[in-house]
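Protein chains: 2
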Amino acid sequence: MGFFGDRLIEKIRKIGNPLCVGLDPYLEKIPPLFCDGPMTPNDPRTAEATKHFLMSLIDLLENKVAIIKPQSAFFERMGWRGIKLLEETICYARKRGLLVLMDAKRGDIGSTATAYAQSFLTEDAPLRSDALTVSPFLGTDTLEPYLKSARNNGAGIFILVKTSNPGSGDFQDMLVGGRALYEKIAEKLAPLSQDFKAPRTGWSSLGIVVGATYPAQGESLRNLLPNTPFLIPGYGAQGGGADDAVRTFVKGPAGYEGGIINSSRAVIFPEGGNTSTPKKWEAAISEALQQAVDGLKEALAQKP
Amino acid sequence: MGFFGDRLIEKIRKIGNPLCVGLDPYLEKIPPLFCDGPMTPNDPRTAEATKHFLMSLIDLLENKVAIIKPQSAFFERMGWRGIKLLEETICYARKRGLLVLMDAKRGDIGSTATAYAQSFLTEDAPLRSDALTVSPFLGTDTLEPYLKSARNNGAGIFILVKTSNPGSGDFQDMLVGGRALYEKIAEKLAPLSQDFKAPRTGWSSLGIVVGATYPAQGESLRNLLPNTPFLIPGYGAQGGGADDAVRTFVKGPAGYEGGIINSSRAVIFPEGGNTSTPKKWEAAISEALQQAVDGLKEALAQKP
Chain A
14 MGFFGDRLIE KIRKIGNPLC VGLDPYLEKI PPLFCDGPMT PNDPRTAEAT KHFLMSLIDL
74 LENKVAIIKP QSAFFERMGW RGIKLLEETI CYARKRGLLV LMDAKRGDIG STATAYAQSF
134 LTEDAPLRSD ALTVSPFLGT DTLEPYLKSA RNNGAGIFIL VKTSNPGSGD FQDMLVGGRA
194 LYEKIAEKLA PLSQDFKAPR TGWSSLGIVV GATYPAQGES LRNLLPNTPF LIPGYGAQGG
254 GADDAVRTFV KGPAGYEGGI INSSRAVIFP EGGNTSTPKK WEAAISEALQ QAVDGLKEAL
314 AQKP
Chain B
14 MGFFGDRLIE KIRKIGNPLC VGLDPYLEKI PPLFCDGPMT PNDPRTAEAT KHFLMSLIDL
74 LENKVAIIKP QSAFFERMGW RGIKLLEETI CYARKRGLLV LMDAKRGDIG STATAYAQSF
134 LTEDAPLRSD ALTVSPFLGT DTLEPYLKSA RNNGAGIFIL VKTSNPGSGD FQDMLVGGRA
194 LYEKIAEKLA PLSQDFKAPR TGWSSLGIVV GATYPAQGES LRNLLPNTPF LIPGYGAQGG
254 GADDAVRTFV KGPAGYEGGI INSSRAVIFP EGGNTSTPKK WEAAISEALQ QAVDGLKEAL
314 AQKP
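Those protein sequence lines, which keep their order, are chains A and B.
One gets our numbering by counting positions in the first sequence from 1 and adding 13 to each.
One gets our numbering by counting positions in the second sequence from 1 and adding 13 to each.
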């Protein structure tokens with residue numbers, strides 16, 4: 014199993030780009046190609062059509078990206094059939110060599126956090142993933158069950174620090190003794206991240222979430238957390254540019270590195286893409302994927 | 014459907030106590046009475062045994078408490094079968110007239126928050142509940158989808174403000190311009206809570222979570238949020254006493270009121286309770302329930 018920090022960074026070096034593709038199955042955006050009726054959330058045919066859509070996507074992502082990020086909410090919306098589909102999606106992707114980062118942003122007190130860790134991170138977890146997003150709001154004691162599970166199962170954690178949404182400043186930017194709350198959180202995480210440093214690459218199995226939409230804040234966080242992989246959402250549809258997305262990357266043995274940059278909608282629901290036949294849909298997805306990858310590669314190559 | 018604030022408070026007045034029973038099905042604590050083998054999370058027999066346990070519990074809670082609070086994590090731990098069980102549990106409880114507060118502590122950016130709201134709060138949500146716990150950490154823009162769904166579907170929201178765990182002070186107590194972060198959050202929520210005031214009782218459909226383990230902080234929050242129902246976890250097993258639990262309650266037409274006080278383990282897994290036969294188990298649960306109710310009633314009667 015090894016260390017998540019090593020598995021992630023080594024996989025990115027091998028694949029050659031840091032793109033993470035977010036699987037957010039908006040039911041109303043799935044092309045009619047995959048469904049022969051309305052996509053009602055509680056209808057078993059909806060989960061079936063979504064499965065067909067997701068498996069076809071994963072086939073196109075294999076060997077093109079290191080990691081995918083399913084968003085739990087869109088599966089939960091379909092009830093138990095959605096969770097069954099989520100289990101199948103994780104399994105299908107991992108068998109194809111993709112790392113799976115579960116975006117569930119869980120956060121709860123100790124005993125409940127343990128149950129969440131057992132849902133997503135342990136060997137026998139039904140939704141066993143390579144890593145999980147976690148909220149720090151309840152305090153560092155509530156992170157311990159995830160950290161323990163991560164350590165025992167070679168998994169990773171990405172802790173929310175500065176999120177990509179327009180209102181993320183409401184609380185995360187509040188000034189605490191002259192520093193923003195997100196920086197205070199990063200300060201508390203620094204020793205933990207150091208503890209979780211993976212031996213081969215030196216990158217930690219404890220990561221943080223920093224929106225591509227806040228590049229300056231990202232730089233300040235990189236100074237506090239030099240070996241922490243950043244999950245950078247907001248590239249593409251949310252308006253974050255490639256240059257901003259790679260701002261926190263640092264020189265490594267195979268070029269700049271520093272985490273993963275997520276794009277969801279721009280890749281899996283490309284605007285204006287022709288989706289009338291399977292071949293045309295595949296071409297549209299492959300083109301959107303290539304664009305996202307090329308944008309990052311170019312930004313990394315031109316990094317000052 | 015009406016307003017959640019009214020439904021909650023009127024139900025509490027009718028039932029005569031503010032106890033909320035938390036349904037946290039720790040698999041290893043479910044009495045052998047309900048299972049004929051080891052409770053392996055992924056085994057279909059585990060979900061069946063847990064269903065039997067929970068339905069039997071709900072039968073004993075009917076007309077004794079106003080509201081129950083299933084903890085999503087313990088269901089997620091069983092994979093899709095756990096979510097199917099959660100759907101059945103909600104349905105069974107609501108048919109018996111119990112209000113259901115889903116404790117899932119969700120929090121995510123706009124479009125994802127909408128998917129969560131559609132999972133738990135809308136008319137067609139697979140896990141349709143009367144109310145949902147939500148994290149404010151990502152900012153007030155991320156609360157809007159839940160508020161919109163709550164408004165359109167007569168549902169409620171309980172926003173985490175000061176949680177019951179020992180480390181909740183790590184970030185929630187950080188001083189921002191002379192006030193604790195949890196107070197700053199409450200200040201931001203005050204106008205929203207006012208907007209959601211229900212017409213008959215004057216209590217809001219927007220509530221907050223305040224641990225019984227922090228009674229002084231609760232008092233300061235009550236000053237900021239006079240019409241906001243508090244969900245007060247930590248009574249019982251977590252060490253919060255009855256007097257502390259009702260500290261933030263205020264005089265109403267039928268005695269002191271102000272929200273709900275949760276006990277999970279102390280009621281559903283009573284220590285030292287004889288669980289060798291169904292009759293004895295029922296007696297043990299009923300006794301634990303009565304103790305929790307009496308403790309609160311006494312504290313309310315003696316409130317200075």
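Some clues are possibly wrong.
It does not matter which identical chain is meant; a pair holds if it fits inside one copy or across any two.
[What the hints assert, rightly or not] List of simulated lysine-lysine pairs, DSS-like, C-alpha gap at most 25 Å:
id : residue 1 : residue 2
1  : 201       : 24
2  : 42        : 161
3  : 24        : 108
4  : 64        : 161
5  : 42        : 201
6  : 316       : 97
7  : 201       : 97
8  : 42        : 24
9  : 77        : 292
10 : 97        : 210
11 : 64        : 210
12 : 42        : 316
13 : 64        : 97
14 : 27        : 210
15 : 310       : 77
16 : 108       : 27
17 : 210       : 264
18 : 201       : 27
Don't read these hints as lab results, they were simulated from the structure.
Predicted, not measured: the structure shown is a model, and the values here were computed from it.
Quick rundown of the hints versus the structure:
| no. | hint | result |
| --- | --- | --- |
| 1 | 201 / 24 | neither (28 Å within a copy, 43 Å between copies) |
| 2 | 42 / 161 | between (38 Å within a copy, 22 Å between copies) |
| 3 | 24 / 108 | within (15 Å within a copy, 51 Å between copies) |
| 4 | 64 / 161 | neither (32 Å within a copy, 30 Å between copies) |
| 5 | 42 / 201 | neither (40 Å within a copy, 34 Å between copies) |
| 6 | 316 / 97 | neither (42 Å within a copy, 49 Å between copies) |
| 7 | 201 / 97 | neither (36 Å within a copy, 38 Å between copies) |
| 8 | 42 / 24 | neither (30 Å within a copy, 41 Å between copies) |
| 9 | 77 / 292 | within (18 Å within a copy, 60 Å between copies) |
| 10 | 97 / 210 | neither (33 Å within a copy, 39 Å between copies) |
| 11 | 64 / 210 | neither (36 Å within a copy, 42 Å between copies) |
| 12 | 42 / 316 | neither (35 Å within a copy, 56 Å between copies) |
| 13 | 64 / 97 | both (10 Å within a copy, 19 Å between copies) |
| 14 | 27 / 210 | within (20 Å within a copy, 56 Å between copies) |
| 15 | 310 / 77 | within (13 Å within a copy, 63 Å between copies) |
| 16 | 108 / 27 | within (17 Å within a copy, 55 Å between copies) |
| 17 | 210 / 264 | within (17 Å within a copy, 55 Å between copies) |
| 18 | 201 / 27 | neither (32 Å within a copy, 47 Å between copies) |
Violated hints for the displayed structure, listed by number in ascending order: 1, 4, 5, 6, 7, 8, 10, 11, 12 and 18.
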